[in-house]
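> Read off the chains here:
Number of protein chains: 2
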Amino acid sequence: MFSLHPNLARDCLEVATLSACRLLLMNDSRHPWLILVPMREGLRDLDELTPEETAAVWTEIRLASRLLRDQFHPEKLNIASLGNLVPQLHIHIIARFTTDPDWPHPVWGRNPPLPYPPLEAEQLIKALRDYLLDASHTQDGLGCPVRMP
Amino acid sequence: MFSLHPNLARDCLEVATLSACRLLLMNDSRHPWLILVPMREGLRDLDELTPEETAAVWTEIRLASRLLRDQFHPEKLNIASLGNLVPQLHIHIIARFTTDPDWPHPVWGRNPPLPYPPLEAEQLIKALRDYLLDASHTQDGLGCPVRMP
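One line per chain: the protein sequences are F and B, in this order. When the letters of the first sequence are read in order and numbered with numbering that gives the first Met the number 0, they come out as residues 0 to 148. When the letters of the second sequence are read in order and numbered with numbering that gives the first Met the number 0, they come out as residues 0 to 148.
Heads up, none of these hints are tricks.
Chain B stretches covered by chain F per the calculated footprint, using a threshold of three residues with CB under 8 Å from any CB of chain F:
id	segment
1	37-45
2	54-66
3	93-107
If you're looking for bench data, these hints aren't it; they were derived computationally from the structure. Even glycine gets a Cβ: it sits at the ideal position worked out from N, Cα and C.
Chain F extracted, bound-state conformation (with noise of 0.2 Å):
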């Protein structure tokens, strides 16, 4: 049975479920931030999932690069998989940008996270959660099952 990381359930606001993995934004004002974490118990690292899984998730990963794409223009994207200090296999996708506070370094563990305020919180989780909706429809191979928490 699978279940969220409480770091991950801390740090974080659920956004959706897609197909192979829990999608979620990082509370963290300063940087766009999606989290992939794949539903299956115990796994550790990328090179555990199954090739089934692995093209399901890099899916997921292409489609939370597009989301960041398109809400937010970023200039460059940052996608890891580290977990060092959360063991849940669980992969970052930042927005990043030459005026954003951590540039051109990695964001993790520079400075403290900005949680959103609660308004603009519930309003980015609507409109991420509005483009997921559109894009489940799209038939370019990018359209997943999505379901609200």
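Given the coordinates of chain F, work out where chain B should sit on it, guided by the hints.
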């Protein structure tokens, strides 16, 4: 015409040319650290890969992961595409240990690299190439054509 970004050429040692990517060893003896560079000019982000390229690159990420696991027995892998400083798309695959000098932090930008002594580099690259040549004969989908520089 693909050519390696000069910063990657300067900081890394060439291991092999795979089907989709050039495989490099970061010349930093503090971490067993491989880098895959997809061989299409002008790529910057993972989501610019076509679905076919994505599948090929993903196979090579799995191959590089297995190589690090079999040769170094790490406790964790860190896999990331950042590219804030070097604009040519490249993917880091890094073997991490709870005893390594940067644990549990990400490895980038914390400490200066410690280049391998030349003989050690030569021996390590030979071991990596031998592994890849063996892997290129397997039937599990991870074998892929390997060409040494």
